[in-house]
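Participant: Residue numbers (our numbering), protein chains in the order written: chain A, 1 to 272; chain B, 1001 to 1283; chain C, 2001 to 2337.
Simulated from the structure, these hints should not be mistaken for laboratory data.
Fair warning: this is a prediction, and the values are worked out from it, not measured in the lab.
For glycine and all other residues, C-beta sits at the position ideal for the given N, C-alpha and C.
Among the clues, some could well be false.
As the list claims (entries may be wrong) - Listed below are several chain B residues computed to face chain A (Cβ distance under 7 Å; list not exhaustive):
id	residue
1	Glu1174
2	Gly1182
3	Asn1197
4	Ala1203
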Amino acid sequence: MTQPRESLLEVRGLRVEFEGRAAVDDVSFDIAPGEVLGLVGESGSGKSTLARALLRLVPAARGTVSFRGTDLLRCTGKALRRRRRDLQIVFQDPLASLDPRMSVGEILAEPLEIFEPALGAREQGARIAEMLERVGLAPQVAGRYPHEFSGGQCQRIGIARAMMPSPQLLLCDEPVSSLDVSIQGQIVNLLSDLQRDLGTAMLFISHNLAVVRHLSDRVMVMYAGRIVETAGVSELFAAPVHAYTRALLAAVPDLSTALCPPGEPLVYSYER
Amino acid sequence: MSATLWGGAAARLRANSAARAAIWVLAILVTLALAAPALNPNSVETLDWSRVAYAPGWSHAHWFGTDRLGRDLFVRTFEGARTSMAVGLVAGAVSLSLGLGFGAVAGYLGGRTDYLMMRIIEILSGLPLVFFVIFLTVIIGRNSYVLYASVVAVGWLTMARIVRGQTLSIRRREFIEAAVAGGASPVRIIWKHVVPNVLGPVAVYATLMVPQIILFESFLSFLGLGTQEPHASLGTLIAEGAGEMEAAPWILLAPGIFLALLLVSLNVLGDGLRDAFDVREPG
Amino acid sequence: MSALPATAASTAAAGPPPILRVEALDVRYALDGAVIAAVRAVSLQVAAGECLGIVGESGSGKSQMVLAWLGLLARNARIEGSVRFEEQELLGLPAAALNRIRGSKLSMVFQDPMSSLTPHVRIGVQLGEVLVHHAGATWSDAQRAALHMLERVRVPDARRRLREYPHELSGGMRQRVMIGMSLMCGPKLVIADEPTSALDVTVQAQILALLREVRAQSGLSVVLISHDLGVVASLAERIAVMYAGRVVESAPTLELLRAPRHPYTSLLIQCAPSLHGARLDRMPSVQGLPPNPLEPEIGCAFAPRCPRVSERCREERPPLMRIDGVAQVACHHPLAP
């Protein structure tokens, strides 16, 4: 598959060290504009560390992260903060990622105050109301506080905040893992809609293979800090190549297999 | 369940009967201290030679008696109270601001900055403060500014440590990470995210700091370094009274009781605030 | 196919009595003047040797219910009803008697082994303590038994592990130790509350396989609680679905999965992650929000979110009715099989 367009994000040889070992080891990949790249892995695979390293929330030991031509790892201070406008993140724990002392309106106003300080109060209010509607919340919630909302609603607020500066790339770090299964679909569909309507590219990180399968164009599988397999979503799930990928897929308790009397399930030992 | 977190804390505080009693006591003490001059015709400085070291009584409105120089103790006690409370409030506010700023910056920035700032605090903590105050008093002369500066010097160090500790505990929380990822500058993060989130515990310590400040001022005054004649503070009054304890015990009683009540109710209020803020936020 | 109210008497099976019998269990909390009902009039049974799965999401009351069985709720909980283990009433049992049962005949495996295991005590000691405390075993016997147990739960290099501390083990291994601890005294019933939720999916598969093996060896009864229908379905013979503090459906596993009667169950099945089948355009979900325990219950609790809702559902709460002998459902408009 050729990449005629310039990549939005080009990561080369990224290495993040943690307590002497490599949490992320020589990782390279590209994301094209508007593409959804899924990243699957279990705990300890380094996928969350990778996301944080891209955002300079943890220091990288080696490598380059080229976002629209600029290496984010070499930026500092004001220049770095300016670039953050186009690279936003949605966190795993929706309530924890919202400042408990700020109202929803204040939380959503912050990106505007940072990146569009010239905006008047009325314009700000209008943009906030518009975004709240877009994520499926009533504009009146702007006066309430995070702890008054359920997990799914908090995640909608988190998504609204991330989308306020109209980023070109959205990192989603396990955005639905702490939500009820019956609610996960709501949030995934919301992300899907936003992606389609606004053309935002996404790096969708999850250990939940079914969700990744639903949303992604391409999928990377990560294990022990390395990318072990990358493929288009249909290929990966239909014909996985790497042994770890196959173990991962086999381990998901599938109701369709529960319906037919099962043989002994595949058990791979990955205990440390 | 209340909408805001402060509202929730206020509700819990109201439910705490000890804290409510403390608030009442404080209100009464403050009102008395402010209203005393209006209540009693005697002035602070008038020396009533006819009633030197008079026991408390109704004649000439010497409700708390008089001291060795014939000055009315009722008025003097409450003037002392006003001085002490003013020092507590003003010096407390300044200590709080200094400590908050210093501690939040050190805690958030971390690394070399934090290291240097903490060493400064440690060095200052190690200095024998009383000798310093004596030194300053000798150089500058007896001056209420020296008093205030000394008292602030005591208060802000502890506050800075407390604020830094609180800041460290929230620095790694996800909403701070979210603010960084959102492009907020360190100044913005400290001002808009760190400070509002540490104010809860900080308010508690501030309430507990005020009695310490008042005590320290009383101590300095007791030593003769603080408030000077003819002005009174609770410390000077207690110093006077201590010398007259056998002959005229009432000279010590009024300021002593007032100081005790003030300190106890501030401490109880501080404890109540800590309990009120300690509960896990809903959600 | 008659629909009878499911009373305790009518569910009595011929043969050995159920090892656990819960009747009209109610758990409420008084908070700031409001009453929170965590569990509402739940009745169910576990037959000897059976594995019952309980599925529910946040607000379903499943964890509260199980904590009520074991007497582990906070002191301000108001509990009513009856919980009988081997025909002995557990509610209101004095602490000493309860402690003799808990950990020996009736044990529990929790979600997060890191917080359930004492961090500063070695694994071998924690395992041994159970036997010494409950069975009066000597220390050396207890240590031998601990070693056997670690081998039985397939912890590699068991002898070395006995001397290690919890934080030195991986999550999966800690959970194996927890399971081992719960089995030390040869219990009749093990209650596992989200035993695999904190684990990676590959480790989860191994733990479920272990539970399956243990059951096959000893004929143990198990109550398996999870929000994950797939986890429950892989182990349980019967499944009870809980919503807003009540049981809304209960049926043998295959029947529940093939022909769910309650709309919530049907939606849960659709939402369960599946790697096979076509990629759908919209991921299935249940609209609306999970139930708020503070709100009073008027009519069916699922009505605001149910695709089959009618006026009757909003006004009248559907009772749990027996259908087809072993299945129960609480719905005015159950799905046809």
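Participant: Now tell me if each hint is right for this structure.
Facilitator: For each hint, the structure was consulted:
no.: 1; hint: Glu1174; result: holds (4 Å)
no.: 2; hint: Gly1182; result: holds (6 Å)
no.: 3; hint: Asn1197; result: holds (6 Å)
no.: 4; hint: Ala1203; result: violated (13 Å)
When the structure is compared with the earlier hints, a violation turns up for hint 4 alone.
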